[in-house]
Amino acid sequence: MESNLIAPPLAEVLRPRRPRGLVSEIVDSLAASIREGQLQPGDKLPTEAEIMVRFDVSRTVVRESISKLQASGLVETRHGIGTFVIPNRDAGNFRIAPADFATVADVISVLELRISLETEAAGLAAQRRTTENLEALATALRAFQDSIHGDTDTVPPDFQFHMEVARATGNRHFEDLMTYLGTMIIPRTRVNTPQSAPEGRLNYLQRVNAEHENIYNAIRSQDAEAARAAMRTHLSNSRERLSKGQSGPPV
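All residue numbers for the sequence shown refer to the working numbering, where the first residue is 26 and numbers rise by one.
Heads up, some of the hints might be wrong.
Simulated restraints, written as ranges between beta carbons of each label pair [to be verified]: (1) Ala-74 - His-198: 24 to 30 Å; (2) Leu-227 - Gln-65: 43 to 49 Å; (3) Thr-156 - Gly-107: 18 to 24 Å; (4) Asn-242 - Glu-75: 33 to 39 Å.
Quick caveat, the hints were computed from the structure, so don't treat them as lab data. All figures in this text were calculated on a predicted structure; none of them were measured in a lab. For every residue, glycine included, the Cβ atom is placed at its ideal position computed from N, Cα and C.
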């Protein structure tokens, strides 16, 4: 049962502040409330609109914050219902932990899993995407481009783009699995591929951006086969770049 009111403890948790790093601010605030027991497993988080108002931020900032909480295994989003705090994961369940990205070979193994998963996700996204999905994908693309030229961290918008593709499938299981894997699936979090690329950081990231644009254009055109091909090419290129460019441990 939903309510337009937020309980006092949660209101305290979400009291707006204005330091640097809006995404980190929201993530830290909500994560602290979960760790401290103010938000219990099964509790529903405020809606995107409520968080936007309380922190005076855009929907993109809110969604990136929720994605980071999802990637940390603290919450899950149920489409059409909301985002909920989840219990600690059972260690006996399937999981891919940071230790599973210890070597370049490990990162390549996860890329192979992603090729199977995200290739089909791109095809479904092309068939089912909505105007809102396209806007979210375009926002992630622009954020990636801004990060390239601003020489800032490109991993969050990169992950967000792939998350929006999963979200555009309309099948929550794609999004749930991407959320579970989190930003660790982006090779640059484990291997310094831009700095080691023969063409240099800027050209490397511009090539990644062009591959993202190909995926976006195919989804926008509702060309499922082209979307699958573009995603497969993008992730296969990532695998090949790792295979050819890295021989030692990640940095």
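Hints versus structure:
Distance hint check: the CB atoms of Ala-74 and His-198 are about 26 Å apart, consistent with the given range 24 to 30 Å. Hint check: Leu-227 to Gln-65, Cβ distance near 47 Å, so the stated range 43 to 49 Å holds. Our hint of 18 to 24 Å for Thr-156 and Gly-107 holds, since their Cβ atoms are close to 22 Å apart. Look at Asn-242 against Glu-75: about 34 Å separates their beta carbons, and that is inside 33 to 39 Å.
Against the hints set out earlier in the document, no violation occurs for any number.
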